[in-house]
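A.B. asks: Here's the letter readout for the chains.
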Amino acid sequence: AQTIHQWPVAEIKAVGSPLSLGCTIKGKSSPNLYWYWQATGGTLQQLFYSITVGQVESVVQLNLSASRPKDDQFILSTEKLLLSHSGFYLCAWSQGLHYEQYFGPGTRLTVL
Amino acid sequence: QQKVQQSPESLIVPEGAMTSLNCTFSDSASQYFAWYRQHSGKAPKALMSIFSNGEKEEGRFTIHLNKASLHFSLHIRDSQPSDSALYLCAVTTSSGSWQLIFGSGTQLTVMP
Numbered sequence: 001a002q003t004i005h006q007w008p009v010a011e012i013k014a015v016g017s018p019l020s021l022g023c024t025i026k027g028k029s030s031p032n033l034y035w036y037w038q039a040t041g042g043t044l045q046q047l048f049y050s051i052t053v054g055q056v057e058s059v060v061q062l063n064l065s066a067s068r069p070k071d072d073q074f075i076l077s078t079e080k081l082l083l084s085h086s087g088f089y090l091c092a093w094s095q096g097l098h099y100e101q102y103f104g105p106g107t108r109l110t111v112l
Numbered sequence: 001q002q003k004v005q006q007s008p009e010s011l012i013v014p015e016g017a018m019t020s021l022n023c024t025f026s027d028s029a030s031q032y033f034a035w036y037r038q039h040s041g042k043a044p045k046a047l048m049s050i051f052s053n054g055e056k057e058e059g060r061f062t063i064h065l066n067k068a069s070l071h072f073s074l075h076i077r078d079s080q081p082s083d084s085a086l087y088l089c090a091v092t093t094s095s096g097s098w099q100l101i102f103g104s105g106t107q108l109t110v111m112p
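Taken in sequence, the protein lines are chains H and V. For the first sequence, our numbering begins at 1 and goes up steadily by one. For the second sequence, our numbering begins at 1 and goes up steadily by one.
A few of these clues could be false.
Stated by the list, open to error - Simulated coverage check for chain H against chain V, where a stretch passes if three residues somewhere in it have a Cβ under 8 Å from a Cβ of chain V:
(1) 41-55
(2) 100-111
Said to hold, decoys possible - Computed list of lysine to any residue pairs in SDA-like fashion (alpha-carbon distance at most 20 Å, straight line):
(3) V:Lys45 with H:Ser65
(4) V:Lys42 with H:Thr52
(5) H:Lys13 with H:Ser58
(6) V:Lys45 with H:Leu112
(7) H:Lys26 with V:Ala46
(8) V:Lys42 with H:Thr40
(9) V:Lys56 with H:Tyr99
(10) V:Lys56 with H:Glu100
(11) V:Lys45 with H:Thr24
(12) V:Lys42 with H:Ala39
(13) V:Lys45 with H:Ala39
(14) V:Lys45 with H:Gly41
(15) V:Lys45 with H:Gly96
(16) V:Lys42 with H:Ser86
(17) V:Lys45 with H:Ser58
(18) H:Lys26 with H:Thr40
(19) H:Lys13 with H:Ser65
(20) V:Lys42 with H:Leu109
(21) V:Lys3 with H:Gly42
(22) V:Lys3 with H:Ser58
(23) V:Lys45 with H:Val111
(24) H:Lys28 with H:Thr52
(25) V:Lys42 with H:Trp7
(26) V:Lys3 with H:Leu109
(27) H:Lys80 with H:Leu62
(28) V:Lys42 with H:Gln2
(29) V:Lys45 with H:Phe88
Simulated from the structure, these hints should not be mistaken for laboratory data. By construction, the Cβ of each residue, glycine as well, lies at the ideal position given by its N, Cα and C atoms.
Could you build all of it, start to finish, from the sequences and the hints given here?
C.D. replies: Following this line, the structure appears as structure tokens:
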């Protein structure tokens with residue numbers, strides 16, 4: 001069975017500080033990977049997707065970047081956090097672009 | 001750009017009732033349509049998806065899709081208190097960068 005892990009579970013960071021969030025998928029080779037962001041009470045918004053190692057497509061510009069260094073790993077980062085980055089970050093995988101997406105447990109980020 | 005809207009914003013139904021949730025989209029060339037369910041503070045979980053016009057049933061859940069009217073819906077038969085959650089519809093874009101666009105959700109409460 002496939003499992004998806006995200007780390008950390010929660011973060012409290014200062015404005016202007018760097019950020020790195022991670023996601024690992026086990027039990028599935030060559031998955032499509034996605035990053036989503038959901039502001040508190042807000043709509044789920046896709047940020048990035050990756051079909052293969054080393055290739056990441058940006059969907060929304062939020063002063064964030066993403067990388068896929070390994071087949072099973074997806075990283076979301078920024079060098080300088082903004083207050084508007086607060087929210088719930090979710091990683092997801094699917095076996096193709098038009099297949100159901102399976103979400104990880106998420107990372108809750110608070111920027112102060 | 002694809003616009004996805006859900007109605008109603010919230011809904012309270014008695015246990016055992018039929019629940020109907022609606023989603024409209026703006027791009028008739030969209031190829032993939034899905035419903036997700038999200039419990040408070042948790043990650044969304046896929047319920048059902050459909051690609052072509054018509055109806056699809058799985059257990060107590062039924063999806064209807066009508067691309068010509070830019071509308072698809074989720075119907076829950078014999079609603080249960082455990083069905084209480086935020087229901088999100090999602091539609092893919094057909095132009096530019098691939099993206100799965102989510103609606104803002106319908107908050108469903110099923111009263112025992």
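A.B. asks: If a hint holds in the structure, say so; if it does not, say that too.
C.D. replies: Status of the hints after comparison with the structure:
no. : hint                  : result
1   : 41-55                 : holds (count 6)
2   : 100-111               : holds (count 7)
3   : V:Lys45 with H:Ser65  : 25 Å, violated
4   : V:Lys42 with H:Thr52  : 27 Å, violated
5   : H:Lys13 with H:Ser58  : 24 Å, violated
6   : V:Lys45 with H:Leu112 : 30 Å, violated
7   : H:Lys26 with V:Ala46  : 19 Å, holds
8   : V:Lys42 with H:Thr40  : 12 Å, holds
9   : V:Lys56 with H:Tyr99  : 16 Å, holds
10  : V:Lys56 with H:Glu100 : 15 Å, holds
11  : V:Lys45 with H:Thr24  : 18 Å, holds
12  : V:Lys42 with H:Ala39  : 13 Å, holds
13  : V:Lys45 with H:Ala39  : 18 Å, holds
14  : V:Lys45 with H:Gly41  : 17 Å, holds
15  : V:Lys45 with H:Gly96  : 17 Å, holds
16  : V:Lys42 with H:Ser86  : 16 Å, holds
17  : V:Lys45 with H:Ser58  : 23 Å, violated
18  : H:Lys26 with H:Thr40  : 29 Å, violated
19  : H:Lys13 with H:Ser65  : 17 Å, holds
20  : V:Lys42 with H:Leu109 : 14 Å, holds
21  : V:Lys3 with H:Gly42   : 15 Å, holds
22  : V:Lys3 with H:Ser58   : 19 Å, holds
23  : V:Lys45 with H:Val111 : 27 Å, violated
24  : H:Lys28 with H:Thr52  : 13 Å, holds
25  : V:Lys42 with H:Trp7   : 15 Å, holds
26  : V:Lys3 with H:Leu109  : 27 Å, violated
27  : H:Lys80 with H:Leu62  : 11 Å, holds
28  : V:Lys42 with H:Gln2   : 18 Å, holds
29  : V:Lys45 with H:Phe88  : 15 Å, holds
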